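Novice: Following the hints, put chain D in place on chain P, whose structure we already have.
First to last, the protein sequences are chains P and D.
With my numbering as the guide, the letters of the first sequence map in order to residues 62 to 270.
With my numbering as the guide, the letters of the second sequence map in order to residues 1244 to 1666.
These are calculated hints, taken from the structure and not from any lab test.
Keep in mind the model is a prediction, meaning the values are calculated, not measured.
A few of these clues could be false.
Here are the simulated lysine to aspartate or glutamate pairs, EDC-like style, with alpha carbons at most 20 Å apart [as the list claims (entries may be wrong)]:
1) K126/P to E1548/D
2) K1481/D to E1548/D
3) K1407/D to D110/P
4) K225/P to D101/P
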Amino acid sequence: MIRKKGILMDNVLGLIVAAIGIGLLIFFAVKLYGASVVQDEEKARTIIDSLEGKINNFNEGEIGKITIQGVSGWFITGWSFTDKERPDSCYFGSCLCICKGSGGDVKSECKNKGFCREFKGLDKMEIANYYGNTEWRDKPNWDSEEDTNHQERVYVSTKSIVLKNQLMDLIVKKEKGLIVNYCGGILGAGLYSEQNKQSDFLKCTMGVK
Amino acid sequence: MAGRGRKSAKKREENNWDKKKFGKGDRREFRKGDKGEVRNLILPSNGKIKDNLFFAEVNSSKNNIQEKGNTLRLSWKGDKGEVSVFFIVTIILAIMGFIAIMFFVLNFFNGGVSGTDEVCKLSVLTRASAPSSVQGYVPLKCQTKKICLTQSWLGTCSQFAGEKDVQRVVLPSGKEKEKIEEISANAMYDCWNMMGQGKMDLFQSLKGEVGLKPTESACVICSRVAIGKDVKEEVILKVNINEYMRTHNPPNSDKTYLQTFTDKSVRAYPKVEANSQFSQLGKGKIEKLGTGKKIEVSGSAGNREMAMVFMQIKTPSVEDVLTNMVKYGGSVTAGVFMMPVIGNLAKAIVFSPVGGTLTAVAAVGMGVYGTTTAWEGQRIAAGYCGEFTSSLEKAKAGCSLVQGLNYNTADINQLCQQIEGSP
Chain P
62 MIRKKGILMD NVLGLIVAAI GIGLLIFFAV KLYGASVVQD EEKARTIIDS LEGKINNFNE
122 GEIGKITIQG VSGWFITGWS FTDKERPDSC YFGSCLCICK GSGGDVKSEC KNKGFCREFK
182 GLDKMEIANY YGNTEWRDKP NWDSEEDTNH QERVYVSTKS IVLKNQLMDL IVKKEKGLIV
242 NYCGGILGAG LYSEQNKQSD FLKCTMGVK
Chain D
1244 MAGRGRKSAK KREENNWDKK KFGKGDRREF RKGDKGEVRN LILPSNGKIK DNLFFAEVNS
1304 SKNNIQEKGN TLRLSWKGDK GEVSVFFIVT IILAIMGFIA IMFFVLNFFN GGVSGTDEVC
1364 KLSVLTRASA PSSVQGYVPL KCQTKKICLT QSWLGTCSQF AGEKDVQRVV LPSGKEKEKI
1424 EEISANAMYD CWNMMGQGKM DLFQSLKGEV GLKPTESACV ICSRVAIGKD VKEEVILKVN
1484 INEYMRTHNP PNSDKTYLQT FTDKSVRAYP KVEANSQFSQ LGKGKIEKLG TGKKIEVSGS
1544 AGNREMAMVF MQIKTPSVED VLTNMVKYGG SVTAGVFMMP VIGNLAKAIV FSPVGGTLTA
1604 VAAVGMGVYG TTTAWEGQRI AAGYCGEFTS SLEKAKAGCS LVQGLNYNTA DINQLCQQIE
1664 GSP
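In isolation and in its complexed conformation, chain P is listed as follows:
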């Protein structure tokens, strides 16, 4: 009887130590998983902060290229001040947001997890991703005698710029608002020249391959 109690005492201590050990393992596992999520969030926050800082440096009417290091699983979108569907975080002005998700249902995805930055004084915010989205359209000045194909493939834009774990060039125009475009390969593997920025911008926005 006396020995039994001693064994019990030893075992209780062992059990406590084991429980603490298992608890720590679980804690570290959760923390490890959380760390990668937190790092992505940090990256996303850095991207939107950097964009905000660079855009604020733009003069009215200026066109420029902003290179960002993307983070996969996130996308960039935005809302104009006049947009009634804009989220609460964009209440006081047009805003640019980076949100977690596929970029499909931008509003709900941004509501779940996203960071927005407001640009007061800018009424318009247009986000257009011309890369990777194409469709066939009727050629506007199709001449049936010279051209047998009456349709052409054109790039169409989406309202979200889905990010990837690489560098990405955003072409930004600040004029009575903000236009943020991503053209990717349209401009030739992301090549963009300072000299031809006006025509490059047009090429990108008009979806000309």
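Specialist: Positioned in the frame of chain P, the structure of chain D alone reads:
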């Protein structure tokens, strides 16, 4: 004398509480006035157990032992099966140690100490030693350093406009060239050291997204070095990082950068024939045989920003890669190499399975080793090819390199399929 006798009798009575006499589970009849240190006091009358250690005085009203002749079962401090002082001290030390580790770990995971070289190095070690199944979840806490080189005290770099944590370096008058060379070489050297000198397997799994198949590469942009507009073009044209690395030592080292990256027997870059394939690389378009795919290479003119990029790639044919290195002008010693002016073509030519089948080179402009002196045009690469140190039983083979590239999307994305670390 009588008083002294009573006192010693009382002392003897108190000494009776000694563990030598009473062990755990022993029964003892207590009398009113008895004192001692009691643990696990069990009262037979109501069966309650009091686990706390306390000084019991049988006369005390707390433990309801007021009647003479109560029988108690006792266990004593220091008895077998009980907590020893050593055990308690150990536990306290362990808890303190645990708290200290947790403090550090929580800071590490929550980004509280992010951004420094030490944290980056630690995260590299943590990732390399983590099991492959969880490696993708261990974040690389490496933040891209932003270094702005200016000539004047109020000078800035437009490349970093709107960005935070920019480190400004004012170039000393008359020694601008040397300072640019020194900072660029150091940035490359620091990057190489931070990333475990390329010998650690850092991108084993990457959440299963990449898996780093042969020719798929993952990178970390260690630093971006930009030159302000106030620095004259003629200064930049004189910069020669290759020569600086050949003739100068890194801080606290008795070997040159070139020797540090390769071997102390290496004192010069290999000579490259003027008409060789390699000599024509540098700028323009190259085409891989049969693929029709052209690789765009940006020129250096007007670009005043360079990125020090660490790249790792898995390749089963390390020997082939090293052979290609030699073919294209690299210094190779025991798996460690240094290549001048290979630039972002390194992956396309040297690491690609079709590397070496490069045939058509439509070179325009400069890019010939020995004649290139523009800062941006010197895309020297240093690296390691061989087996990686990892947590895996079977080490994987591959190559790592660090090199300066023009900071633009086209150049860096051609080298890096994935970029990790914080911008």
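Novice: Indicate, hint by hint, whether the structure satisfies it.
Specialist: Verification of the supplied hints:
For the suggested pair K126/P and E1548/D, the alpha carbons sit about 14 Å apart, so the restraint of at most 20 Å is met. Proposed proximity of K1481/D and E1548/D is supported: the alpha carbons are some 16 Å apart, at most 20 Å. Restraint check for K1407/D and D110/P: satisfied, since their Cα atoms lie roughly 9 Å apart, inside the 20 Å limit. Proposed proximity of K225/P and D101/P is supported: the alpha carbons are some 12 Å apart, at most 20 Å.
Of the numbered hints listed earlier, not one is contradicted by the structure.
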